[in-house]
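There are 6 protein chains.
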Amino acid sequence: MILLTRRATFSASHYYWNPAWSEERNREVFGRCANRNGHGHNYTLEVTVTGAIDGVSGFVVDLKWLKDLIEEQVLSVYDHRHLNHEVPEFAKLIPTTENIAVSVWKRLEAPVAAAGGAKLSRVRVYETPDIFADYSGETD
Amino acid sequence: MILLTRRATFSASHYYWNPAWSEERNREVFGRCANRNGHGHNYTLEVTVTGAIDGVSGFVVDLKWLKDLIEEQVLSVYDHRHLNHEVPEFAKLIPTTENIAVSVWKRLEAPVAAAGGAKLSRVRVYETPDIFADYSGETD
Amino acid sequence: MILLTRRATFSASHYYWNPAWSEERNREVFGRCANRNGHGHNYTLEVTVTGAIDGVSGFVVDLKWLKDLIEEQVLSVYDHRHLNHEVPEFAKLIPTTENIAVSVWKRLEAPVAAAGGAKLSRVRVYETPDIFADYSGETD
Amino acid sequence: MILLTRRATFSASHYYWNPAWSEERNREVFGRCANRNGHGHNYTLEVTVTGAIDGVSGFVVDLKWLKDLIEEQVLSVYDHRHLNHEVPEFAKLIPTTENIAVSVWKRLEAPVAAAGGAKLSRVRVYETPDIFADYSGETD
Amino acid sequence: MILLTRRATFSASHYYWNPAWSEERNREVFGRCANRNGHGHNYTLEVTVTGAIDGVSGFVVDLKWLKDLIEEQVLSVYDHRHLNHEVPEFAKLIPTTENIAVSVWKRLEAPVAAAGGAKLSRVRVYETPDIFADYSGETD
Amino acid sequence: MILLTRRATFSASHYYWNPAWSEERNREVFGRCANRNGHGHNYTLEVTVTGAIDGVSGFVVDLKWLKDLIEEQVLSVYDHRHLNHEVPEFAKLIPTTENIAVSVWKRLEAPVAAAGGAKLSRVRVYETPDIFADYSGETD
Chain A
1 MILLTRRATF SASHYYWNPA WSEERNREVF GRCANRNGHG HNYTLEVTVT GAIDGVSGFV
61 VDLKWLKDLI EEQVLSVYDH RHLNHEVPEF AKLIPTTENI AVSVWKRLEA PVAAAGGAKL
121 SRVRVYETPD IFADYSGETD
Chain B
1 MILLTRRATF SASHYYWNPA WSEERNREVF GRCANRNGHG HNYTLEVTVT GAIDGVSGFV
61 VDLKWLKDLI EEQVLSVYDH RHLNHEVPEF AKLIPTTENI AVSVWKRLEA PVAAAGGAKL
121 SRVRVYETPD IFADYSGETD
Chain C
1 MILLTRRATF SASHYYWNPA WSEERNREVF GRCANRNGHG HNYTLEVTVT GAIDGVSGFV
61 VDLKWLKDLI EEQVLSVYDH RHLNHEVPEF AKLIPTTENI AVSVWKRLEA PVAAAGGAKL
121 SRVRVYETPD IFADYSGETD
Chain D
1 MILLTRRATF SASHYYWNPA WSEERNREVF GRCANRNGHG HNYTLEVTVT GAIDGVSGFV
61 VDLKWLKDLI EEQVLSVYDH RHLNHEVPEF AKLIPTTENI AVSVWKRLEA PVAAAGGAKL
121 SRVRVYETPD IFADYSGETD
Chain E
1 MILLTRRATF SASHYYWNPA WSEERNREVF GRCANRNGHG HNYTLEVTVT GAIDGVSGFV
61 VDLKWLKDLI EEQVLSVYDH RHLNHEVPEF AKLIPTTENI AVSVWKRLEA PVAAAGGAKL
121 SRVRVYETPD IFADYSGETD
Chain F
1 MILLTRRATF SASHYYWNPA WSEERNREVF GRCANRNGHG HNYTLEVTVT GAIDGVSGFV
61 VDLKWLKDLI EEQVLSVYDH RHLNHEVPEF AKLIPTTENI AVSVWKRLEA PVAAAGGAKL
121 SRVRVYETPD IFADYSGETD
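Residue numbers (this note's numbering), protein chains in the order written: chain A, 1 to 140; chain B, 1 to 140; chain C, 1 to 140; chain D, 1 to 140; chain E, 1 to 140; chain F, 1 to 140.
Mixed in with the good hints, there may be bad ones.
Any copy, or any two copies together, can satisfy a pair, since identical chains are not distinguished.
In the SDA-like style, the derived pairs of lysine to any residue whose C-alpha atoms are separated by at most 25 Å in a straight line are [claimed, not checked]:
1. Lys67 / Ala34
2. Lys119 / Tyr16
3. Lys64 / Arg7
4. Lys106 / Ala91
5. Lys92 / Ala113
6. Lys119 / Ala91
7. Lys92 / Thr44
8. Lys119 / Arg36
9. Lys106 / Thr9
10. Lys92 / Arg7
11. Lys92 / Ala114
12. Lys67 / Asp79
13. Lys119 / Asn37
14. Lys67 / Arg36
15. Lys106 / Gly31
16. Lys106 / Trp21
17. Lys106 / Glu28
18. Lys106 / Ser22
19. Lys119 / Asn35
20. Lys119 / Glu24
21. Lys92 / Asp68
22. Lys106 / Arg27
23. Lys67 / Val29
Hints are computed from structural coordinates only; laboratory data are not their basis.
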């Protein structure tokens, strides 16, 4: 059992807001994060795959391919964007660290599986160096 | 399965000493750590909880609540303290990184469970950037 | 000559846009940063003061006082805010890393001097771990 | 269940090359890593052991012993070396991050077990801060 | 006086060897670094420029331009290379951290000046997180 | 003008206390740092020297020699010690970050000068990643 991880970063804006709640309730639950002008973070993403080491190349997966996949599936959509306003899955889903981890998983799981040989094992998202969420899929 | 982690730091003194041993034996086993004047570290703590993501807030737990809980249960007792002399659990227990991880777990497990919705999943304690211990409870 | 530095962090949104230019020109000069929905960063701030070490306290300045000053003068205004929309100095000034460094300097120079005993020596602002600006005042 | 981890670093050269392939094929699969003059990295190694905490010492293992073991079994062989040319296991095995993790595991598993009381739990190898592999043994 | 810095990384091999000396003398002076198979590092480079902040763009220099310049003048020549064998300036010059800092300065000084508006202020090279050299030009 | 820096770490205890003051006054000025049981830190030290690059070796100074000098002059005295009780210069001098920086300078200035070829340029001491002091000598 070998795990291979590639880290990537993106910078984005977000805010936390539940439209079914009053402004007062939003401020109470979300504090400073409820500021609808948005604030932002340098997010760090760790994408972990697992599989057998190919005996010829010594690779679980080609890290250049994994980098390009993360770029194509995640960074090109999230980086330098306002998550609430510009990323489809956050139109109604609050972009908390937890929800971002699940959303990145959903964007990567099928393309990793489709490439054959390895599967997605874990997605970690750091909102700041002090806060991070890990998601490993539903049946893990 | 989602994990959410919050990092915190505290600065404390400690030393390693077994009163049932001679000074010579203490020096042999604990080396420089046996200096009874104490020495200290900037400890880094990672507290990980697990649970379902609340569909309304997008939270596993409220990170502000978790921060306050760590402050109240751990930092207010450990930070800027001499662990051997001022923290009850280390009156007789040697404050190694391993024992600190277990002790932080014991301080946080019940209050996290009592809040409902999530449970403590892992406590990691870094004594230095190069040494850390992870504890996940007895039956994990 | 002793320098004493305190680090702080804030999370904010911003974008780069010159209203005198066409959208095309803005995109050409500012690239992805011209996205008017904004994007964001975890900024790290280093505030350096210089002065004599007080013979009694061993302090150049009281670091608790410096922390509170940074909180009051900078973080309370910048943190969890959209710099372009909510911070007065960036209403017309593009919030580049360079301009943020100068603006933090302007916010801190007089209160540090007013406290007596030390003066502001340098402000460093990291937009990401890979990009930072230093400002040391006009006559330094 | 407690895990105890010690970090260590080594600086080494390597390249990726499959002698059964043409130069063209090597360049295609391995890109810049196929440069046979070699290039290098500051590798970071995390060695994790698991076992019971000794009630007398408070140790899972003596970290000084673990440090010396890593030095003797791994660093003395890998550090300041060209992995392909000077480390036996990479004479025919391509020194990818994945293969290095497995090789470090093989060097440490038996001596950790032989010492009694703890067993090797995981080896993590960082090639850069952005790329790392974890290996936990065949049956883990 | 504003300074703007961009960080970049490259991975390279090197060794220390003075052909005018005996092997014994080389080992004595250069220790493990005298291994002629080479070893390697993840080097981190900080390139600092200074100039006035442009009133329209808010830039000292365009960081995208600076990134491309570092890529073109330094990384394309140093990254994934054996410094002694493949980089012209190190054919006869020992690639110590100090000499790398001076060499990077020489590669960047003229193109930064030629672009107008800013000049190179400092080059810092980290060989490891614990060793770095700063060069600021001859007349600084 | 080239600067060469070596980083080192030590772990020590300390407290802040002025015996000429009442306990109340000590608590008021020094806060939690006035706890006389002591607390501790992982200090990081950066020692910077300056000089010409030797044309034969490519060195400003031999970094192995500098490492040994820091070990002999500073770490062997400070590491795993209680600064107030065991380090002579802090018998009466409060071991603030500022005073530690000056004390390390005093310990290293003469031996660096005595070795010839380079002189001490700066000492930086980090008490935590967020607090550091720089000292460059009296006439710098």
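Checked hints:
1. With identical chains, the CA atoms of lysine 67 and alanine 34 are at most 25 Å apart between copies only, with a shortest distance of 18 Å across copies and 33 Å within one.
2. For the homomeric pair lysine 119 and tyrosine 16, the shortest alpha-carbon distance between copies (24 Å) is at most 25 Å, but the shortest distance inside one copy (32 Å) is not.
3. Within a single copy, lysine 64 and arginine 7 get their C-alpha atoms as close as 12 Å, and across copies as close as 22 Å, so both meet the 25 Å cut-off.
4. For the identical chains of this complex, lysine 106 and alanine 91 are intra-copy neighbours only, at 16 Å inside a copy versus 39 Å across copies, given an alpha-carbon limit of 25 Å.
5. Within a single copy, lysine 92 and alanine 113 get their C-alpha atoms no closer than 27 Å, and across copies no closer than 29 Å, so neither meets the 25 Å cut-off.
6. In this assembly of identical chains, lysine 119 and alanine 91 lie within 25 Å of each other by CA distance neither inside one copy nor across copies; the values are 28 Å within and 29 Å between.
7. In this assembly of identical chains, the alpha carbons of lysine 92 and threonine 44 lie at most 25 Å apart only when taken from the same copy (23 Å versus 31 Å across copies).
8. In this assembly of identical chains, lysine 119 and arginine 36 lie within 25 Å of each other by CA distance neither inside one copy nor across copies; the values are 38 Å within and 31 Å between.
9. For the identical chains of this complex, lysine 106 and threonine 9 are intra-copy neighbours only, at 18 Å inside a copy versus 31 Å across copies, given an alpha-carbon limit of 25 Å.
10. Neither within a single protomer nor between protomers do lysine 92 and arginine 7 lie at most 25 Å apart by alpha-carbon distance, with minima of 27 Å and 29 Å respectively.
11. Neither within a single protomer nor between protomers do lysine 92 and alanine 114 lie at most 25 Å apart by alpha-carbon distance, with minima of 28 Å and 30 Å respectively.
12. For the identical chains of this complex, lysine 67 and aspartate 79 are neighbours both inside a copy (14 Å) and across copies (18 Å), given an alpha-carbon limit of 25 Å.
13. Taking CA atoms no more than 25 Å apart as the test, lysine 119 paired with asparagine 37 passes in neither setting, with 38 Å inside one copy and 34 Å between copies.
14. Proximity of lysine 67 and arginine 36 under a CA criterion of 25 Å is satisfied inter-copy only: 24 Å between copies versus 33 Å inside one chain copy.
15. Taking the shortest Cα distances, lysine 106 and glycine 31 never come within 25 Å of each other, neither inside one copy (28 Å) nor across copies (28 Å).
16. For the identical chains of this complex, lysine 106 and tryptophan 21 are neighbours neither inside a copy (28 Å) nor across copies (37 Å), given an alpha-carbon limit of 25 Å.
17. Taking CA atoms no more than 25 Å apart as the test, lysine 106 paired with glutamate 28 passes in neither setting, with 31 Å inside one copy and 30 Å between copies.
18. When the C-alpha separation of lysine 106 and serine 22 is checked against a cutoff of 25 Å, the pair qualifies neither within a copy, at 31 Å, nor between copies, at 38 Å.
19. In this assembly of identical chains, lysine 119 and asparagine 35 lie within 25 Å of each other by CA distance neither inside one copy nor across copies; the values are 38 Å within and 30 Å between.
20. With identical chains, the CA atoms of lysine 119 and glutamate 24 are never at most 25 Å apart, being 44 Å at best within one copy and 29 Å at best between copies.
21. Taking the shortest alpha-carbon separations for lysine 92 and aspartate 68, neither the intra-copy value of 28 Å nor the inter-copy value of 29 Å comes in at or below 25 Å.
22. Taking the shortest alpha-carbon separations for lysine 106 and arginine 27, neither the intra-copy value of 30 Å nor the inter-copy value of 31 Å comes in at or below 25 Å.
23. Taking identical chains as interchangeable, the C-alpha atoms of lysine 67 and valine 29 lie at most 25 Å apart only when they sit on different chains, with a minimum of 15 Å there against 36 Å within one chain.
The structure fails hints 5, 6, 8, 10, 11, 13, 15, 16, 17, 18, 19, 20, 21, 22 (numbered hints given earlier, in ascending order).
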